[in-house]
Amino acid sequence: MFGELIRQKSFGVSLAVFLVLLLAPSFLPRFYIYLLAVIFVTALLAMSLNLCVGHGMLFQFHHGVFYGVGAYTAGLLLAKTSIPWWMAFVAGPLAAAFAGLLIGLFCIRLNKLYFGMLQISLGSLIWAIAFRWYGLTGGDDGIHGIPIPDFIASTTGSYYFVLIVLGICLFLMYLILKSPFGSTLQAIRDNPERCAAVGIHVRHHQLKTIVIATFFGGVAGVLFVVVEGSIFPDLLFWVLSLEIFIMCLLGGWFTFAGPILGAAIIVSLRTFVGTYTEYWTLILGVILILLIFFLPEGIMGYNYRQLFRSRTKYAHDSQME
Amino acid sequence: MLRVEDLHKSFDDFKAVNGAHLTVESGQLVAVIGPNGAGKTTLFNLITGQLQPGRGRILLNDEDISKLPPHVICRKGIARSFQIANVFPRLSVFRNVQVSVLSQQKLSNKLFRPASQIAVEETGRILESVGLVDKKMDLAGSLSHGDKRILEIAIALGNEPELLILDEPTAGMSPDETATTMALIQRLAADQGLTILFCEHDMEVVFGTAQSIMVMQQGGTIVQGDPQTVRHNTEVQEAYLGDE
Amino acid sequence: MEGGQTITLAALSITLLVGLSRAMILFIVTSGLSFVLGVLRVPNVAHGSLYMIGAFAAYSISALFGSGSVGFWLALIFAPLVVALISLIAERSLFCHLYEREHLMLLLFTFALMLILGDLTKIVWGADYRSIMPPSLLQGFVTIFDSPFPKYNLFLLIIGPLVAIGLWLFSTKTKMGKIARAAAVDMEMVGAIGINVSWVFAFAFVLGCLLAGLGGALVSPTISVTLGMDHDIIIEAFLIVTIGGLGNMWGALVGSLIFGITQSFGVLLWPQFAIVFPYLAVVIILTLKPTGLLKSVW
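Chains as they are written, first to last, in the numbering used here: chain A, 1 to 321; chain D, 1001 to 1244; chain V, 2001 to 2298.
It is worth saying that the hints were derived from the structure and are not from the lab. Don't take each hint at face value.
[Unchecked claim] Here are the simulated EDC-like cross-link-like pairs (lysine to aspartate or glutamate), alpha carbons at most 16 angstroms apart as the crow flies: (1) D:Lys1148 x A:Glu278; (2) D:Lys1067 x D:Glu1162; (3) D:Lys1076 x D:Glu1162; (4) D:Lys1076 x D:Glu1160; (5) A:Lys112 x V:Glu2102; (6) A:Lys112 x A:Glu193; (7) D:Lys1148 x D:Asp1138; (8) V:Lys2295 x D:Asp1012; (9) V:Lys2122 x A:Glu278.
[Claimed, not checked] Covered by chain D, per the in silico footprint, the following chain A stretches (three or more residues, Cβ under 8 angstroms): (10) 81 to 89; (11) 178 to 188.
For clarity, every value in this text was computed on a predicted model and none was experimentally measured. Here a beta-carbon is modelled for each residue, glycine too, at the ideal position from N, C-alpha and C.
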């Protein structure tokens, strides 16, 4: 089953990039290693969101909540219980997927934009709880200095851990998108009514997609705890959700790796611009407006005129599968 | 095989379907005709579950399917095409058909096997039978109108239906394309023993191919019978053929 | 939940009244959101920001006139107009160029607007808490069921129905209202009879935002005006339009009443997690009626 994958050109490129990243700690200063780790975590989060948005046309506007649920679950278990670290790491994504299922059950009944609208509201309940339940979550301050297992506690250690988990997750997502499940999802994206008429239970399929995406979002949350050693309510705040949505748009949401690029750009911008100004959300808003007006192809990643112009290229792409 | 009994459907005050009756015997090629707005498309949407009827029954092999959602009706053996070309524009032609084949084989939920290795043969066979093999790697959105309509039929075939419903399969086609498409439909009916229900504007096409014709007007059924009967029905002549 | 105090009938009645007055604010804000949703078919995410700006503007206007009664009444009139002006500028300069595009782009634009307006508010008014005194006429309490009830809330209970009646009269009796309602049902039809659709949209958008501003100005004496109030209100408003029925004005009213009252009883029962109660109501309603209580314009 991996034969086809390995024969692809992009596979070779990915492998080369992966090898360079493996060697990065030996020549990059520590701050950049840390920054790369943050980008990896965010990239995984954006990729998981894009399963819904780019491949499923599900407007998952509050994906950050599931990231937060993953991080809080793992973080709280590590900080407040004595269960083995790996159990906490597994519990994070599972909790996120469960939250995804619950919220998804309600949202999935509404169409498109209204799906996103309701999700913002329901997700914000989880934010409000994390924010107010001082006894458990530390409220506004969150919890800092979460004990991380020794072998991944150092900057380099966490870097490698995040890199490897990211690699595995990207590989799994790739397989999922190329599987019958992924094909069907993309068909639903293009034409849900037609899909129902060929016997596909559209809402079930979408709900499964949400669960898968929120699971990976939870993995990203766990990785965040590994890198930062802390949790706080901003992880579940909708501005973050919007930020990752913008990453998907910026990178190109009908492409596989677009969100990674988007995450790299936005995280770098936030890191470097953020040191000069406290008005990051203003900048984010301006970026979004610029995207809407001047990069519609970049935003849509795909539109019909573009399609006809580069028809052979796209056809070739789908042939590679 | 399919029996529609006294079906009603209204949108607010407008009675789109108002007392429709229809019988489709196994192996038949049945046409529904009627002027624009007679309720043909609504009738089809009611049969395949896109819409829920207000009153009346739809029986498939003596089972009432009138309250079922589209995907369940499809699983019971009714596949359809739509009036406006309704394909998956961003997927390749091959993928378009494969999606329905996968659904038919209950493989849509397989997560970790490459789709490129599943149901390839069946999909290829369907593409061959409708003559789209050469274009199988084109994006569906880039096909000509005629090819999209053919692709729609191919997608419906992926479900291995007992009953195939085609909503104006030749709408917007040139005379040549129309002839080819109707030949294809007749061939499918003959070769694969398909039961086909379709609606159509072109009277020549209808009387040349259908074994049974149902005539609708203002949402209700005037008559159903073989072409001879229908042609000589005075009510039909007054109501419909008269103003052609 | 603990607290130990026995909940008396009087306390329940007061709680109900407080909930009702809260519902009036929610209704005024949500009806604006619902109006935009009905005509433009887009949830305006920046609606909460405009509500917040309405509250800050009310503060500044009232401060300008010495924070007295006159200042308050002027603020109540001019703060919504300031908000309407801001929304008109945003609509005519940028938003109106997107009407031909996918709905997602319209929605994303309102997201961008929310981000920008949020930070602009921070730049103009800073992160401090602000408070406004109600005019002397509305200060103090009246006694209802042997309990003190703020006069200002009584004022809200009067103004809410007035706004509802005003909106109803507007949408059924005036030409512009009829056009807007027709547009909500069938946009193409309205375009076909020679009405400039872009201006109908502009009008609907600005009117909706004006209501957000009015809500902000009205709420300002009852809470401390601060950054972050945009977030709370928009989430509540989204839930209200969902349970009420998308784009349905009366649905907005019903949803607001349910939301305001459950919230107020939540405060009585379990102050720290009062927010959970309206959500519970929402979850129950959506389980029973996934498309909302009243018919949506969709």
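Going through the hints against the structure:
no.	hint	result
1	D:Lys1148 x A:Glu278	violated, 53 angstroms
2	D:Lys1067 x D:Glu1162	violated, 20 angstroms
3	D:Lys1076 x D:Glu1162	holds, 9 angstroms
4	D:Lys1076 x D:Glu1160	holds, 10 angstroms
5	A:Lys112 x V:Glu2102	holds, 12 angstroms
6	A:Lys112 x A:Glu193	holds, 13 angstroms
7	D:Lys1148 x D:Asp1138	holds, 11 angstroms
8	V:Lys2295 x D:Asp1012	holds, 13 angstroms
9	V:Lys2122 x A:Glu278	holds, 10 angstroms
10	81 to 89	violated (count 0)
11	178 to 188	holds (count 9)
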